[in-house]
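Trainee: Protein sequences, first through last, are from chains A and B. Numbering follows the numbering used here, with no gaps: position 127 of the first sequence is 127. Count along the second sequence starting at 1, add 334, and that's the number in the numbering used here.
Derived by calculation from the structure, the hints in this document are not laboratory data. Don't take each hint at face value.
What the hints assert, rightly or not - DEER-style ranges, computed between Cβ atoms:
1) B/A559 / A/W128: 54 to 60 Å
2) A/W128 / B/E682: 50 to 56 Å
3) A/E46 / B/P655: 37 to 43 Å
4) A/T188 / B/D538: 56 to 62 Å
5) B/E836 / A/G160: 51 to 57 Å
A virtual CB, placed ideally from N, CA and C, is assigned to each residue, including glycine.
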Amino acid sequence: MLRTIGRRLLLLIPTLFGLSVLLFLWVRALPGGPAVALLGERATPEAVARINELYGFDQPLYVQYFTWLGRLLQGDFGSSIQTGRPVLEEFFRRFPATLELSIGALIVAVGIGIPLGYWAARRHGKAWDHIAVVLSLIGITIPVFFLAFILKYIFAVQLGWLPSDGRQNPRIDATHYTNLYVLDGLLTGELDAAWDAFLHLILPALALGTIPLAIIVRITRASVLEVQNADYVRTGRAKGIGQSTLRNRFILRNAMLPVVTTVGLQAGLLIAGAVLTETVFAFPGIGQFLARAIFTRDFPVLQGFIIFIAILYALINLLVDVSYSVIDPRVRVQ
Amino acid sequence: MATTLQRRLLTGAAAVAIGAIALSACSSQRGGGGETASGDVDSTFVFGASGDPASLDPAFANDGESFRITRQMFEGLVGTEPGTADPAPLLAESWEQSEDGLSYTFALKTGVKFHDGTDFNAEAVCFNFDRQNNFTGIAQSESLSYYWGKIMRGYADTGTSIYGGCTPDGDDKVTITLTQPFAGFIPALSLPSFAIQSPKALQDYDADNVGGTSEAPTLSKYATAHPTGTGPFMFDSWEPGSEATLKAFPDYWGEQGQVQEIIFRTIGDTTARRQALESGSIDGYDLVAPADLGALKDAGFTLTNRDPFNILYLGMNQADPALADIRVRQAIAHAIDKQQLVTQVLPEGTELADQFMPDAVIGFNDAVTTYDYDAEKAKSLLAEAGYTEANPLTLTFNYPVNISRPYMPNPEQIFTNLSSQLEAVGIKVNPVSNEWGEYLDLIQGGSDHGIHLLGWTGDYNDPDNFVGTFFGAPSNEWGFDNAELFSALTSARGLATEDEQESAYQDINEEIAQFLPGVPLASPVPTLAFDARVTSYPASPVQDEVYNMITLSE
């Protein structure tokens with residue numbers, strides 16, 4: 001097991017190297033440079049040239065790339081052009097917000113998705129099953145930003161039930177340790193702050209969780225259907241094994257294998273969805289900052305953040321594979 | 335047993351999620367959590383800003399979001415007359431200019447304290463001016479000390495600075511000397527970049543240490559966490575990407591006002607800002623999209639206009655041979671019905687323009703040559719220039735997309751309106767649109783463009799800040815070389831008094847009107863929207879809006 005993990009981590013190195021090259025070429029292929037975004041519409045060509053010189057954008061591409069890579073290997077991700085603060089600091093300042101949102105979205109997706117998929121499979125062919133299938137299809141096809149916008153318009157703007165933006169009502173004076181606001185509120189005993197942060201999470205988490213939710217419903221349903229018709233289940237049933245043992249041990253456990261993989265993949269993809277969700281809900285996480293970095297051509301931020309996200313994604317995948325082998329002993333042999 | 339545990343967890347999670355939605359439906363967010371500190375109004379004012387401030391040290395800032403916040407904490411020698419762009423006393427009670435026009439002696443307000451408890455005095459003034467003039471290295475880059483570089487034209491070590499020095503005369507009198515006359519000096523001092531900061535705090539928190547590598551300048555501790563001025567509000571906290579909080583300064587020399595706490599929330603998306611106001615999570619925001627004005631008004635929100643201090647124009651690039659012909663430029667000018675443009679696509683209150691500056695600016699010419707809307711005249715001028723129905727004039731029309739500027743709230747609509755007007759006189763339009771950064775690169779970085787939309791919002795009341803910026807030197811944007819105009823602008827910038835400036839710029843405006851490098855279109859009015867509890871907001875054309883002047887009703 002440890003060797004597998006070690007090999008996978010080693011494999012990450014060439015992957016990240018390839019990604020860094022592509023990424024570097026991509027951000028520099030974006031038309032318009034950071035100087036103009038930084039200096040505004042009346043910057044003189046000399047000023048633009050000076051900024052480009054200052055940041056090294058006038059150097060040949062390969063020189064820029066190796067300078068960047070050299071610093072990166074020493075743990076120096078550079079500074080954001082827009083804010084002047086180190087990219088690492090900017091990332092970790094915002095990451096807890098995105099993490100909290102992603103956990104919320106996963107709770108929505110897994111908490112509703114698995115029971116609903118299981119439930120639909122148990123009612124296979126009945127009206128409720130069809131409804132679940134159609135709803136999940138809608139869930140998969142609806143664009144994240146559109147759903148986010150609709151949810152916000154109805155529940156925050158029109159009905160006023162939930163906050164429309166941000167992570168916390170700015171009028172609340174809350175103490176933060178972990179920067180996971182709900183957790184912080186619980187830890188410090190500031191229950192109103194925790195509740196307020198929780199309310200702020202609901203709509204964005206629903207918006208972000210809907211696509212994974214719909215996918216998990218479909219996978220769970222299909223997987224349970226397959227397993228419950230499998231030979232060993234039929235044999236078990238014929239042998240008179242109790243209904244609950246049959247469900248938990250035979251069906252659910254085996255049906256969970258593809259679901260776990262899906263959940264893991266979806267968890268990695270949440271960050272992509274977070275760019276849109278965080279923008280609509282003015283949620284101050286890495287997604288919102290990344291979206292802004294694209295508009296302002298903040299190259300160091302784009303490069304640094306995307307590398308981080310790639311590492312996270314790879315680690316989540318690794319975690320999925322490990323948990324896979326925990327659930328299914330057969331996988332462990334490899 | 336893992337499976338039962340798993341199942342329990344899953345059911346639990348589902349129950350929490352569903353329960354939360356049901357529970358939250360009962361509790362309304364509106365007005366929740368607000369603490370009232372003074373009397374019966376909620377003394378916390380929340381403003382929705384479109385971006386983060388870049389730096390809280392105003393000497394190292396040049397963007398509106400930084401200035402919006404630093405104006406609450408800092409004051410300069412000179413401020414503005416409320417509601418106008420005209421200079422007015424602030425930390426200086428009065429000033430006198432010497433005979434030769436080179437030195438200015440300021441009588442300072444007494445009994446003023448910085449937020450750190452130190453005294454404001456003549457020494458502090460000199461410390462600030464000397465500090466900026468002595469910036470070196472990265473601190474000189476335009477992304478940091480833009481305005482000092484622009485206005486003083488250099489630094490001590492570049493040898494180009496027109497700053498001559500600063501001499502204190504006791505605690506309450508100070509003389510600042512320039513090496514060249516500059517009539518724009520006093521109005522320029524109203525810029526937040528020239529605010530007076532606490533010398534002690536600047537030193538204690540290493541304000542000039544904008545280090546890092548040359549590729550990645552980093553801000554000082556002072557600029558991110560310890561800005562210290564004399565203003566009605568003092569720094570409390572700043573969470574980049576999220577919000578900045580200021581608290582009332584108890585020892586402020588002036589009126590403190592109702593607001594005891596200000597929170598600037600960063601909400602990048604225009605629609606998100608509008609919805610934040612509608613849902614009650616902010617008290618107000620600016621740069622309201624023209625399309626949202628009607629709906630916000632109908633819903634009972636208060637709309638406040640800033641007097642327009644900007645100009646939108648249609649630029650004509652003379653590197654395009656067709657546009658080098660004055661008859662073609664005149665034809666375009668006559669083909670445009672500005673009134674129609676303003677009525678159809680610009681916000682209510684927008685003023686028509688016939689010069690490249692708003693009428694409040696020194697040197698505005700009331701008798702300038704104008705080109706009234708006259709389609710027939712436009713057609714005959716085109717015919718004279720050799721363009722007929724069989725051989726029509728084709729022009730590239732560049733415009734930006736996905737951007738909103740105060741002078742150009744909706745470029746796509748402005749483009750559509752103008753191009754249909756041009757087509758009505760027989761000009762064929764070849765539309766080219768770009769994202770903002772790319773657009774500016776295209777217009778200012780090369781000659782491959784035709785007619786284009788652009789403009790400018792003034793920083794302070796100075797004609798050079800408008801026409802000097804546009805036409806002071808040869809540029810890719812306009813593609814012409816008019817030595818006479820360039821030198822007229824250069825010498826006008828160096829004039830010592832406003833009276834001399836007035837007549838010089840009136841002549842320049844006439845010269846520009848005849849040369850016709852572009853068509854000034856309008857000065858669109860920028861609008862702010864507020865919750866009904868905001869009964870008064872000190873709107874200013876140059877955004878000199880200090881929140882101790884806000885009044886609240888609940």
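Trainee: Report the numbers of all earlier hints that the structure fails to satisfy, in ascending order.
Mentor: Going through the list in order, the structure violates hints 3, 4 and respects the others.
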